[in-house]
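Q: Sequence:
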Amino acid sequence: MKSFSVIILLFAFFSVQAQIELSPNKQYEAAVARFKDGDYKGCEEALAKFMGSPLRNKSYDAQANYYRGVSQYHLGNANMAISYLRTAIYGGVYERDNANLFLGLAFLANGNKDEAEKAFTAAIANERKAETVSEAYYQRGLVKEGRGSTDAAVVDFKAALDKNGQNQNAQSKYAQYANTGVAANRGKENESDKAIPTQVLTTQTVDKSLFEAYKEEKRYALVVGNSNYPKEIGVLKNPVNDAKDIAAELRKCNFEVDLLIDATHRQLEIAANNLFKKLSEGPKGQTVGLFFFAGHGLQFEGVNYLVPIDASITTPTDVVYACYPADKILGKMEFSNSRMNIVILDACRNNPFPATTRSGAGQGLAQVRAAKGAYVAFATAPGSVASDGSGRNGLYTQELLKAMRVPNLTIEQMFKQVRQNVSELSGGKQNTWDNSNIVGEFFFKIQ
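For the sequence shown, our numbering gives the first residue as 1, with consecutive numbering after it.
What the hints contain is simulated information worked out from the structure, not anything from laboratory work.
From the three backbone atoms N, C-alpha and C, an ideal C-beta is built for every residue, glycine too.
Treat the hints loosely; a few may be bogus.
Unchecked claim - Label pairs and their in silico Cβ distance ranges:
(1) V439 x K113: 42 to 50 angstroms
(2) N57 x T315: 43 to 51 angstroms
(3) T150 x G91: 50 to 58 angstroms
As the list claims (entries may be wrong) - Simulated crosslink set (EDC-like; lysine to aspartate or glutamate; CA at most 20 angstroms straight-line):
(4) K416 x D434
(5) K277 x D318
(6) K402 x E301
(7) K129 x D151
(8) K218 x E256
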């Protein structure tokens, strides 16, 4: 009987051990160990089991997809590598620079140089490790060199060396041009390059016809920043600064800007009508409209409202009359001559009117359907809120300003960069949102 009990205990012990060994977390840890040892096939097999378990810790999913993507690249499966790496990047993987670098390499393996260049550019923009950024510059330089853009390629080879002087491939490539006029000319330009932000050197080239269209385009913007609300609503620190800085940047991007500071309901109405007039009189197909608002905003019964500084709300239904509906702005823009309309709302702060929260007013702002030709961007996702910032600008506008200064980014690429940076800087607490129904390309800045 005693020996039987011992057998039972041993059986239970080994059963527990087997469960531990086969637990999803153990599978993940084993996969990481194999990845670090260069056993990419073993890593992939372990992660396939991990991802197939409903008991896994899903917070590891993005990193797991990153490891799978890199493993598949090393195993020669470019298509699978692209799929996993894109999923990892979309999921907010911490090593986004490495993920984009390998995504670019996978695209190159498939012969897709355009997508490869975009991925290398993203790796550079997500700057974390000097070695990774250096390799991304080098690989992008090779793409440009292959297209015959020698000047641009040398810029990237030089940038690769600046980031990591031990990058032997970049050393070899740059030395190849060392005694040519190309390298000599680049040397003379080095002093002016130092004054240019790194992002300027990470952009893609654009078609000449787009550059010509950009110069001829009529651009009109209405920018509003409301900070000095009555005490009972709540004074905000950043919106006035946000509006002034956005207006200044838009003027550098060929926009004619109307700037409103601490606007009343009547002032908002007049300014919106003025914007509609300009867009209606602009040349059809060559006019772009933009509306930016920073301040208090709220949703009521599924409609988003911008809060003017003279709003007085004591009952829920007062919202409809005292605040300005955001849809009204978009509606005016839609029925004009503009080929594209951009609406940016940094207005997703807490509802300043507690009395309305029990009667149809939800958290943050409601989702908006983008009308044809419209691009609508929010500082945070529908139903969520973003806090007022602690510096000169709110976090969203701070990153928006940085992205607008980078030339040759399409509007989609620009807002994607904003989304990535805001998420990272907020530790994942603030996730921007945008909705697009645009046709054609748009660049804030082209060079």
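Q: Hint by hint, note whether the structure agrees.
A: Against the structure, the hints:
no.: 1; hint: V439 x K113: 42 to 50 angstroms; verdict: violated (25 angstroms)
no.: 2; hint: N57 x T315: 43 to 51 angstroms; verdict: holds (47 angstroms)
no.: 3; hint: T150 x G91: 50 to 58 angstroms; verdict: violated (38 angstroms)
no.: 4; hint: K416 x D434; verdict: holds (9 angstroms)
no.: 5; hint: K277 x D318; verdict: violated (29 angstroms)
no.: 6; hint: K402 x E301; verdict: violated (35 angstroms)
no.: 7; hint: K129 x D151; verdict: violated (25 angstroms)
no.: 8; hint: K218 x E256; verdict: holds (8 angstroms)
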